[in-house]
Amino acid sequence: MNHLRSVNRKAARVERATEPDVVALQRTGLPLLPHFPIGCSLVFSPGWEADRTGGTAGLCQPVERDLFDCHIGCYWPAQVPDQLNHAPDWTSKCAAAQKDWRKIDLVFP
Amino acid sequence: MTQWSAREHHRFEAAGKPFVYLVPSAAIFELDEAADAVLRTLSEHPRTRDELVDSHPSGGGEVDAALAELARVQAIGEIDRPAAPTPKVIPLAPFPLTTMVLNVTNQCNLSCEYCYEYGEDKIVDTENGKQPKFMSEQTARESVDFMLKESGDNKVAHVTFFGGETLLNFPVLQKTIAYARQRGEELGKQVDFSLTTNGTLLKPDIIEFLAENHVGVTISIDGPKEVQDKFRVFHNGTGSYDVVAPKIKELLQRHRSRPIGARVTLTSGKMDVKRIYQHLTEEIGFWEVGFAPVTTAPNRGHAISDSGYDEMLGQFRDLAYEFLEASVQNRHHGFSNVKETLEELHKGVSKAFPCGAGLGLLGVATDGDVALCHRFAGSDSHQLGTVRDGIDRDAQRLFLESHHIANKTDCSRCWARPLCSGGCYHEAHTRYGETIHPNLHYCDWIRGWTDVCLKIYGELAVRNPAFLSQFDDESMKEPVS
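Just so you know, the protein sequences line up as chains A and B, in that order.
What the first sequence shows, in my numbering, is residues 1068 to 1176, in sequence order.
What the second sequence shows, in my numbering, is residues 329 to 809, in sequence order.
Since the hints were made in silico from the structure, they are not lab data.
Be aware that a few hints might be false.
Under 7 Å between C-beta atoms, here's a sample of chain B residues computed to sit facing chain A [stated by the list, open to error]: (1) G344; (2) P352; (3) S353; (4) I356; (5) K675.
Every residue, glycine too, gets a C-beta built ideally from N, C-alpha and C.
Only chain A is shown next, with the shape it has when bound in the complex (with noise of 0.2 Å):
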């Protein structure tokens, strides 16, 4: 804060506890309080982030449980064989995403 300077021990706790949010979650404009978007990036499900490089290898889930949380739990089947008609089996060789992902192939139609 450039117009207020905590002295207390409270000021300081306050002023941490309000430290506005990622910029990209930032409403602009009054009062300063986060703008959350609605849509898929709600559910915070591990694999959605990359890390601050950008890369995923030190992340809690690979990225590739980003292929699954789509095709089971969202919308997106473009993005994914067709498993009730086309091809059901298409992961029937992938028993553990985290291990086995690279058995996943393409498939054409």
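Once you have looked at the hints, place chain B on chain A.
Relative to the frame of chain A, chain B by itself:
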């Protein structure tokens, strides 16, 4: 267009700079020129952002930034979005007991006219009542066991011996300390001891014992001879100054393991705070002196009147500024009232209850009845259990529910409520006949004194911020009076 208004706050100036104390968060911020101008303008009446820009020469960018920061800390808000009410949170039971005040006797060898225990405003009949005059060794042991059990996970437990005149029951005090030490060691807890005494019964072997056992000592004394002897008299009416002064000097000489403080009761007739302070520190040698206005019904001769509170505030202010100058130069100053308030301001204390009574502090009467605090010890209507049966959780919850600051509508618009929270239960009981009543007779004094302490705090924050870091130590505890 959105109108902005100032929320609850108290603006003050110190070291030539503007500050704001926010309510109820108790946060203190220093303001720059733009933020100060915006806050002051909005304190007059609500305005839109454009109106603010028009009236401030610094321009739109500055005003927007100041508005955003003031809104962020809730010093201001949009007028159609009032501040959310502070939630009423009752502490979860079992709340760990920090301090147990043990009334080892309800008898006294002095008969100070203003005394809340024996004077006209007394709550408990100490002469013909059901309470024994002295606490037995057995009850004291049971109290120690109670204390250690109720202290929960706390590593340190504080026991304060109180009276009557505490030293009238010195044998039990001695044995209690030995027992508490032994039990504390067995349970892996440290027990800290202190006592309050009028000093008349101090003698070399007692002083030796107190020094060896690191017992914190507070002496009730009112000042120089002419002041002390006005109210603090023996049963035959003789003043006590000549008896206590040499004994206290002997105590101060020998007992060096803990700082020894004086506790002064201020009455209508003796208001020379500076002279009393000077006598007790420079001439007697006390490390610290704390002052408290007498607790009494308003119609008593020694009761402090409205103008008396104004006079007291003026004298407190003078002594507080003496404290400030000493503290800026890192010299010790023993005016403990200002130090206690500074500590609370530094931490940003915002109280739901005026003190720890009934929560982290309990008083124990001579028969082992547990009460809100030592001032209510032995009173059936303020009982919260016994040391044998433990704390009466239902009574405790009922008390906390009804005495929460949220219930004190008189306080709901006062900027000093984070620190005061309605004031002492015992004072309220004496004045208004009920513990739940806010102490409206000293509101102006509380606000005046809080304002003085805020200014001292602001001065120190600018001129010697290192001084304030001593209050980051969590081990300091409030004295019992």
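Now for the hints, and whether the structure bears them out:
1. G344: Nearest chain A Cβ about 14 Å off; hint violated.
2. P352: violated, 10 Å
3. S353: holds, 6 Å
4. I356: This hint holds: I356 of chain B lies near chain A, its Cβ roughly 4 Å from the closest one there, short of 7 Å.
5. K675: holds, 6 Å
Of the hints listed earlier, those the structure fails to meet are numbers 1 and 2, in rising order.
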